[in-house]
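Protein chains: 2
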Amino acid sequence: MITPLLGTSFIGYSRSTGTVVCGRAVTPGTGVTLEPGYLSATPEEVERAMSLAAAAFPVFSNLSGKTRAGFLRAIATEIENVVEDIVERGPLETALPEARMRGETGRTVGQLRMFANLIEEGSWVDARIDRADPDRKPIPKVDLRSMSRPLGPVAVFCASNFPLAYSVAGGDTASALAAGCPVVVIAHASHPGMAEIVGAAVVRAARLTNMPEGVFSMLYGGGRNVGQAVVKHPVTQAVGFTGSRAGGTALMESAANRPQPIPVYAEMSSINPVVILPGVIERGEEALAEGFFGSLTLGVGQFCTNPGLVFMPADRGDAFLAKLKSLTEAGTPGMMLNSTICKSYADAKAFVAATDGVETLACCASEAGPGQGSPAVFTISIKDFLRHQALQHEMFGPATLIVRGSLQEIEAAITNLEGQLTASLHATDAELAQSTGLVNALQQRAGRLIFNGFPTGVEVCNSMVHGGPFPATSDGRSTSVGTMAIYRFCRPVAWQSFPDAALPPELQEANPLGIRRME
Amino acid sequence: MITPLLGTSFIGYSRSTGTVVCGRAVTPGTGVTLEPGYLSATPEEVERAMSLAAAAFPVFSNLSGKTRAGFLRAIATEIENVVEDIVERGPLETALPEARMRGETGRTVGQLRMFANLIEEGSWVDARIDRADPDRKPIPKVDLRSMSRPLGPVAVFCASNFPLAYSVAGGDTASALAAGCPVVVIAHASHPGMAEIVGAAVVRAARLTNMPEGVFSMLYGGGRNVGQAVVKHPVTQAVGFTGSRAGGTALMESAANRPQPIPVYAEMSSINPVVILPGVIERGEEALAEGFFGSLTLGVGQFCTNPGLVFMPADRGDAFLAKLKSLTEAGTPGMMLNSTICKSYADAKAFVAATDGVETLACCASEAGPGQGSPAVFTISIKDFLRHQALQHEMFGPATLIVRGSLQEIEAAITNLEGQLTASLHATDAELAQSTGLVNALQQRAGRLIFNGFPTGVEVCNSMVHGGPFPATSDGRSTSVGTMAIYRFCRPVAWQSFPDAALPPELQEANPLGIRRME
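Quick note, the sequences are listed as chains A and B, same order.
If you number the first sequence the way our numbering does, the last residue is 523 and the count never jumps.
If you number the second sequence the way our numbering does, the last residue is 523 and the count never jumps.
Hints should not be assumed to be uniformly reliable.
Since the list gives no way to pick out one identical chain from another, each pair is judged satisfied if it fits inside one copy or across any two copies.
Said to hold, decoys possible - DSBU-like cross-link-like pairs, simulated, lysine-lysine; straight-line CA separation at most 30 angstroms:
#1 LYS327 - LYS387
#2 LYS347 - LYS70
#3 LYS236 - LYS141
#4 LYS236 - LYS387
#5 LYS347 - LYS145
#6 LYS327 - LYS70
#7 LYS236 - LYS329
#8 LYS327 - LYS236
#9 LYS236 - LYS145
#10 LYS70 - LYS145
#11 LYS387 - LYS145
#12 LYS70 - LYS387
#13 LYS387 - LYS141
#14 LYS329 - LYS70
#15 LYS387 - LYS329
#16 LYS347 - LYS141
#17 LYS236 - LYS70
No wet-lab data here; the hints were simulated from the structure.
The structure presented is a predicted model; accordingly, all values stated were derived computationally and were not measured.
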């Protein structure tokens, strides 16, 4: 290991001196605990991290986009420099394979560089200029100019299922830093060593690029106490979170009950409905089943875009189901991220299996070992599905529920679904053209509509929407993936009648940054 | 009157058949009640308005921008057609003079036409296109396209202080309809007749332009019960509100506690600090006092941008204060919007006057008649100001508190202020250049920064930000004035791998609408 693992929080440019062990990494399946013990940040250290963030904000937020881009690029480089540490420690903490560790490292540094490019170019601030007109009647028009400005320090909670791309230097951190917000990360108890490796890389990058101390801190502390302290702290101006519905709604409640309520961007719970129309079934059931099974079992089903719900006609698709059954039975149990997720998955499957009207189409024939999750497929009629609201709860793992009924029943059922990250429609072009009502219903409930494809695989790009109505996310007006994610941490500010030299460069008359503006 | 006043709600294209009188307009000052009695919408009618809105949403939201623009323009024309009704009824209900009624009618139709132009042009949807790359390694890139789409039906609460521009067909309604959201308006008890005049105009416009029934409903009902029913209704997807802090925070709480939490855009409480630096005082104290007094007393101080707080040096500005004193003493009491506002204003002044450390610099010499509010100016030292958090509460009316201290104390006090709609700085260019810390502190607390000007007068344009951190608004990421207000009622939606013909025109390959896109 290049990075010495000390087991302590990063309080700005210092390390914590806490002495209470709040946890250790545990290797999934084996239950082997890993060194070092991780020490809780003390309340004084939490306070100091917040004070440093508050002091860093006016400095950091007024750095040029180019300078902040340099910091983001330095983070990417520093992470690449410790990829072998990640590959060594990551699989021990998460059971994710080396290839996934390397791939996710690539995604993480790619995201950081994407935001670096965005803020270096600079047009993202949506600069708007309305010039004065002193001769306007009945009253003169003032000079008014506006642009996006950062909200202030942001609390970022690490995700268990993306220990890199949605953790310490993941999408939430990258977009918040890009916007100009200092970040206080709350490490996930499930992969503290990876958090330390990446946290140390961020701190090195901050020092190398002369960032103000407090632009980044990272706290250990058994999660809830330290996390709630940060969310409730008056300095914190927004929260990023990826995790369970219970965790996300608890943060929403805390944030709403502060003296000053703040926005929470929690990406929580989605079962990603897949609707299959008859024409597609006729076109080839086995290939469809293979595609679906691949999406269902990718990463042991531990993706927020996992397809946990299928709607299909009651009178078609026997070969699709037969193929899915054989694939499931021949499937392989996979090691899950941690024992809590593994137990929740087993409980969720048991609950669905025991629900009135549910039939088990197929279970994996191989028995799951300790810590493992295995694929399962359940079926139910639409009528019975609609009687059980709890069937809309996420089974976080490679299990799905197939709901069968008439096309009319399917459309009606969609209008009763909770909000989703994605909705997929498998149809022929002719069916699609005739399915306006169905497509509208899907659109009202999801952030991303997929045609003849599966929901896993989230492209990181300008047009990605990885968000959706509650409970898919706490705030369906946002995305946590792609360049639009930066707007979560901004608000518009207007300058009226300011002298040109006192305006931010983005709004100065000569447009010195050469950005696209509305004027 | 062209518009017959029936005293009943608009439930889509029907009128309410409720029979319980919930209120009557009262002429401020005289206490004379006006006919007709206004009848509460029944719970069944509220339910029907919501069902109609839900049914209208998929139709209305998929109309072209041009077609929705036609509806907005028809509303503007229908309102202009009844301007004499407004001028006849308005002053009786609100004590606002005829000139204000005509001016506010102009602003209201101007806002409707501004949003019509915006959606007719179409680029506001922020269309983003990432084309497929089937040859990309290691996995092919999918075609992904995104744009802003409307949230769903919106509840709009009328404002007492803008009976036209922030009521039935005001900025919230105009921006929600422009986005593609049906609107359910909750009329304000203070000006029910004006609500009926404008509501009837909106309904005529909806019929004339063949809008789906339910695109607009307007409900009477003593405010809270009907309003809470609409906010809690599962069909409602966002709330617009302008009013008191207590009213706004009650709506925020209701919305956060729904099974599906929804966004609330409440514009609530702002005291709009004005900071005066020494150089400006030296440049001319009397003119500064006149400008300030004009802003303070405009519309009897009943604007959300009223300057209720001034920071100035302790050792300068005697002539400014002397002039302000003489202007205040010679000022005229003005009739306020209603008896509740009048009483709250009197209570707020009495509270401030009785607070330890506060001195009354000047009161209006003329005694205020029934329903009237008169100007008042109080002073306090910064040290004493910081001891009383309650001095940050809005005095809704023409009163202000002048806080005096050193420049260092002023900057420190600013960092303790709650969120504001505006912050004004009076300084020389040289002082401005040296005031980076102060300007940063103001920027962190306000949506609009004003240099050498006063906060009243809110330009309706692309760059206006009429929003600010809590409690100025519930959601400082938004503005309720200007074209950006449309984004309050939208969320991004992405389409993945859809055939071109099935995409919205905004995202089709040939760009048939000719809009600006990111591609």
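inquiry  = Regarding LYS329 and LYS70, is the shortest C-alpha distance of 30 angstroms or less found within a copy, between copies, in both, or in neither?
reply    = Answer is neither: 54 angstroms inside a copy and 51 angstroms across each miss the 30 angstroms cutoff.
inquiry  = Treating 30 angstroms as the Cα threshold, decide for LYS327 and LYS387: within, between, both or neither.
reply    = Close inside one copy (25 angstroms), not across copies (77 angstroms); limit 30 angstroms.
query = Between LYS387 and LYS141, at a C-alpha cutoff of 30 angstroms, which is it: within one copy, between copies, both, or neither?
reply = For LYS387 and LYS141, the Cα distance exceeds 30 angstroms both inside one copy (65 angstroms) and across copies (44 angstroms).
task = Please work out whether the CA atoms of LYS70 and LYS145 approach to 30 angstroms or closer within one copy, between two copies, in both situations, or in neither?
result = between (34 angstroms within a copy, 29 angstroms between copies)
key: Copy assignment of LYS327 with LYS70, given that the CA separation must stay at most 30 angstroms   = Neither: 53 angstroms inside a chain and 49 angstroms across chains, both beyond 30 angstroms.
inquiry  = When Cα atoms must be at most 30 angstroms apart, do LYS387 and LYS145 count as within-copy, between-copy, both, or neither?
reply    = neither (62 angstroms within a copy, 38 angstroms between copies)
key: Identical-chain pair category, LYS387 with LYS329, by Cα at 30 angstroms   = within (23 angstroms within a copy, 75 angstroms between copies)
key: Homomeric proximity label, LYS347 with LYS70: Cα distance no greater than 30 angstroms   = So LYS347 and LYS70 fail the 30 angstroms test inside a copy (46 angstroms) and across (54 angstroms) alike.
message = Treating 30 angstroms as the Cα threshold, decide for LYS236 and LYS70: within, between, both or neither.
response = neither (32 angstroms within a copy, 46 angstroms between copies)
task = Go through the copies and call it for LYS236 and LYS329: within, between, both or neither, with a Cα cutoff of 30 angstroms.
result = neither (48 angstroms within a copy, 43 angstroms between copies)
query = Should LYS70 paired with LYS387 be assigned to within, between, both, or neither, using CA atoms and 30 angstroms as the limit?
reply = neither (57 angstroms within a copy, 41 angstroms between copies)
message = My question is about LYS347 and LYS141: at a cut-off of 30 angstroms on alpha-carbon distance, are they close within one copy, between copies, both, or neither?
response = neither (71 angstroms within a copy, 36 angstroms between copies)
In the structure shown, a violation is registered for the earlier hints numbered 2, 3, 5, 6, 7, 8, 9, 11, 12, 13, 14, 16, 17, in ascending order.
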